[in-house]
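Take a look at the letters that make up each chain.
Protein chains: 2
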Amino acid sequence: MIKCVEFLRTLFYPRTIAVIGAHIDPTRLGFTIVDTVIKFGYDGRIYLINPKYVGKNLFGHKFYASISDVPDEVDAAIILIGAKKVLEALDECVKKNVKSAIIFTSGFSEVSEEYGRAVEEEIKRISDKSGMVIVGPNCLGIFSAPARICTFPEAELKYEKAGKISAIFQSGSLLASFQILSSFRGFYLNKGVSTGNEAATTLTDFLEYFIEDPETHVIAMYIEQVREGRRFIDLCKSTKKPLVALKVGRSEAGKLAAKSHTAALAGSIEVWNSVCKQVGIIQAKTFFQLYDYAMALASPKRPRGNRVGIITSPGGPSVIAADICGELGLSIPRLSRESVENLSKVLPPFASLANPVDMTASALEDLDVYRSVIDIVASDSNVDMILVIAPLTRQLKIAEIIAELSEEISKPIVVSWTSVAYSEELRKAIKVLGEKMVPNYFMPERAVEALSVMLSQSLIEQKKSLR
Amino acid sequence: MIKCVEFLRTLFYPRTIAVIGAHIDPTRLGFTIVDTVIKFGYDGRIYLINPKYVGKNLFGHKFYASISDVPDEVDAAIILIGAKKVLEALDECVKKNVKSAIIFTSGFSEVSEEYGRAVEEEIKRISDKSGMVIVGPNCLGIFSAPARICTFPEAELKYEKAGKISAIFQSGSLLASFQILSSFRGFYLNKGVSTGNEAATTLTDFLEYFIEDPETHVIAMYIEQVREGRRFIDLCKSTKKPLVALKVGRSEAGKLAAKSHTAALAGSIEVWNSVCKQVGIIQAKTFFQLYDYAMALASPKRPRGNRVGIITSPGGPSVIAADICGELGLSIPRLSRESVENLSKVLPPFASLANPVDMTASALEDLDVYRSVIDIVASDSNVDMILVIAPLTRQLKIAEIIAELSEEISKPIVVSWTSVAYSEELRKAIKVLGEKMVPNYFMPERAVEALSVMLSQSLIEQKKSLR
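Here the protein sequences come in this chain order: R and B. Here the first sequence is numbered in my numbering, starting from 629 and rising by one per residue. Here the second sequence is numbered in my numbering, starting from 629 and rising by one per residue.
Isolated chain R, as found in the complex (with noise of 0.2 Å):
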C-alpha cells in the first residue's frame, strides 16, 4: 500500500520514460505503445529497452540492451516482457532507482491462482521494500492530459485539452472507450489509470491521490473489487469532489466473469449499495451513465432544489423529459406569473407558456427568442434548474446563446440533443458547450437523469458540510 501522494506524482508526471520490451514490428504490442505515446503528444525522454534491437532506432529513440544502460534517471518504466522475466525486470528497475513501473503483462492471478499469486505477492514486496510504485500486472497503464502522457493502446490521440474529469478503471479497455468518449463529448479526461491486478497499488491509492490532485474535480471509477475496504470508505468521507462509481458483479455470473478478468472478489451488492449511500458515491448502472454523470458533476453548478423548467422547440421529447422528472423525483412548477407575462411578450400566441415552455418550431426562425426564454425561465425563483431541449437544426447557433448565457447564470443549465448522430454541426455544438461546462446530452431520458445526478450530489456535498 503506497500512500505517498508525493511519489504517485512522477507516475502521471513523468520526465523520462523507459519502454521494456519496445519493439520495431508494428504488429506488436512493444511497437504500438511506443506509437501511441509520441502521437498523444509525450514531449519527455523516450528510452527503448530491448537488446535484440541494441544499435537501431524507433522513431529516433535509441534502443538499449538493458534498464542499467540507460543514461539518464527513469521516472517510469512500461513493462511489456513475458510474464517469467517481469521479476527480473523489476528488480533491474529497482537497482537503476526507477520511480515507478507499469507492467501491462498479464497471465498471473487472473489466469492462474496459485502461480499468480505469489508473483504479485513478490512484485508487492518489493515495491513496499524500495519504495517503487508498481501499476498492474494486466493493465493498460495511464493517461496524463497535464503531462501529454497516454499508454491506452486504441486511445484517441488527437490531444485537444486537459478536462476535470479524472478515471481509475479495474479495465483498461474500458477506460481507452471512456477516454475516446470522453474527447467525442467534449468534457475531456484530466487522468486516468488501468490498475489492473493491483498486486501492489491499489484502485484506493488512486483515489487517494486524485482527491489530492488539484486538477481533478471529479473521480469515475470502474470497479470490479475494492481491496481496501477500510481505507476506501475513509477517503471517501473525507472529499467533497464528486464520486461516480459503475460497480460490477452485481449478479453471480457478473462476479465469476470478474474473477477471471482481475482476479476480484466482488463481493456483496447489498454491502455496496450501503457503502455508495453511506460515503456519498453516485452510482451508474451502465458504461454511459458512468460518462454521462461524471459530465454532469463536472459542471461546478449545483442546484438548490428539485424544480426544473423546461424549454423546448419539439413537443414529444418534451414529454419525454417530463415523464422522466416525474419518475426521478424532480418537479416541474409552475412559473411565476411574472415570467408568463413576460414569455408571452417574446412567443407566439400558439406556444405553450406552463412549464414546459414548448416555443414551437418558429422560435427557430429568430433565434433572440432562445435567449429571452432561458432568460426568463432561469430568472423564474421557482425554478431550481434548466433543460433545454435543441431542435434537429440549428444546433451550433443555439449552443453559442446557451455558452454564453451559462455565463451569467448560477443555476445549472442543461441541454438534451434530439439528434442522435455526431453531425459536423453537432460536434461543434458538443465542443462549444464543453468548453464552458454546459453538460449536454442525446434525448432527454439522459439530460434528465443528468439533473436529477446534480440534485444528488448537491445533497451529498450538503450532508458532508454539516459534519
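Some clues are possibly wrong.
No copy is singled out in the list; a pair is fine if it fits within one copy or between any two copies.
Subject to a maximum C-alpha distance of 25 Å in a straight line, what follows is the list of computed SDA-like cross-link-like pairs (lysine to any residue) [said to hold, decoys possible]:
| no. | residue 1 | residue 2 |
| --- | --- | --- |
| 1 | Lys913 | Asn901 |
| 2 | Lys786 | Lys1056 |
| 3 | Lys690 | Asp719 |
| 4 | Lys789 | Ser1000 |
| 5 | Lys1092 | Gly857 |
| 6 | Lys1025 | Thr660 |
| 7 | Lys1056 | Phe812 |
If you are wondering where the hints come from, they were derived from the structure by calculation, not from laboratory data.
Once you've looked at the hints, dock chain B against the given chain R.
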C-alpha cells in the same frame, strides 16, 4: 375510425401528391416540405397549391390556385395552411376526390380545448362521410421507403434501402429522430407515420395497417394515448409480429406534458403495463431502447432458451455483459467438454476457455480465430444465443466474418461494439451487419438487453401459437 387497409395504402404509396400551402420562401415549412420530398427521391407527380404563386415554379413543379385546378388525380394532399383555413381546404379535397390528406397545421385541441375539439370533430365527420383518410392535425406526416416518400422536415434524406421496421409515433420530431437513428444504425425503417392529434385516423388504425402490411416485420410505437383501447388490444393479440412501445405518461408530470403536446389523456400506467403483458407488447423505457429493441426484433432469429455464449477479446466489457445477463435472468452456461477441447486447439494458452470465452487481444493477429471460436460456441448444445464483443480495432473485418457466419448459424447472434462513436470504419461495419440483420449495439449493456428482448419475444410468440 377507418378500417380499410386498402384505403390507407394510398397514403403510403401515393402516385401523386399536392402540397397545399407550398411556398417559395426557403425559411417556410411550405418550402422545406417540398424540398424534403424531392431530396428523398419521391418519383411520383407533385402539385403545388398556393394562389399567390400561380404561374410560378418550384423545383420545376407548377403552382395552382386551388386543388380543384390540378389536372390529375391526387392520392395525398399535404396541408400546411393556417388553422382557420384547414376545414375549407379539406372540403375542397373531398370535392376533388383526394384519397388522403395530411394536416401539418397545429393550434387545435392541444392549445384550445373547446375550439380545437370542435374543429377536430368536424375533421372526423368529413373523413367519415367522404371516406378520405385524414392524418393529423398537428403532425409531421409520413415516411414510406418503398414509395420513396418522406415528409419529415429534418429527416436523414440520403436514401439507403427499405427496412423491416415500421413506426407509429405520436410525436413528429421524435419520429424524425428515430428515422435518422435508423439510418445510422443500419436497420432501416420501412414506413412511419406521425399521427398528431388523431382527429380521424388513430394509432390503432395504423397498427391495423402495419399488421397487415407484408413489408412490415416489426412495429415500433411512441405512445402518449391509446384512443381505442379495446380495438388496440384485439389487434395486438391477433398478431405475432413483434410490437415494441415507448409509452409516456408514466408519471403525473409526463401526463400533463402529453396533454399540452397532442391533447393526449395518458391514462393509468398500471393498466398499460398489464395490457402489455397480456397482449405481448415489449416495453421500452427510453427512446434509444425503442430503437435498440426494434433492431433486435427485426432479426428473424429467436433463441430457444436463456443460455448465452459470450465471446470477447476485451476483458472489462465481458464482465459488464455477464453482470447484466445475471440481472436480466439470462444464464451463462458452462460450455461442453468438446467445445472446451476445440477452443483449446485454436486459442493461446492464456485465453479463457470458460464462458465468457476471452480470446485476448492476440485473436486480433489472426482473425480466423474469430471464425473458429464463434463456430465452436454456436455449435455447443448448451448455448441458445451468442454475444460477440468486438474490440476497438479491426471492426470491419470482424463484422464481415460475423455477417458471413450468421447465414450458417440458426441461433441469434448479437454484436457489441466497445467503440463509442461513429468512426468511418465502424459505420461500414455497422452496414455490413445490418445487411445480414445481425443486431449490433454500443457497449455490451445494450447488447445484452437486446438478447433478453429476443427471448421475451420468443416466449410471446410461443404463447400466441398456443391460443
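Hint check:
no.	hint	result
1	Lys913 to Asn901	both (12 Å within a copy, 24 Å between copies)
2	Lys786 to Lys1056	both (15 Å within a copy, 22 Å between copies)
3	Lys690 to Asp719	within (22 Å within a copy, 85 Å between copies)
4	Lys789 to Ser1000	neither (32 Å within a copy, 43 Å between copies)
5	Lys1092 to Gly857	within (20 Å within a copy, 51 Å between copies)
6	Lys1025 to Thr660	between (40 Å within a copy, 20 Å between copies)
7	Lys1056 to Phe812	both (10 Å within a copy, 19 Å between copies)
Checked against the numbered hints above, the structure breaks only hint 4 and satisfies the rest.
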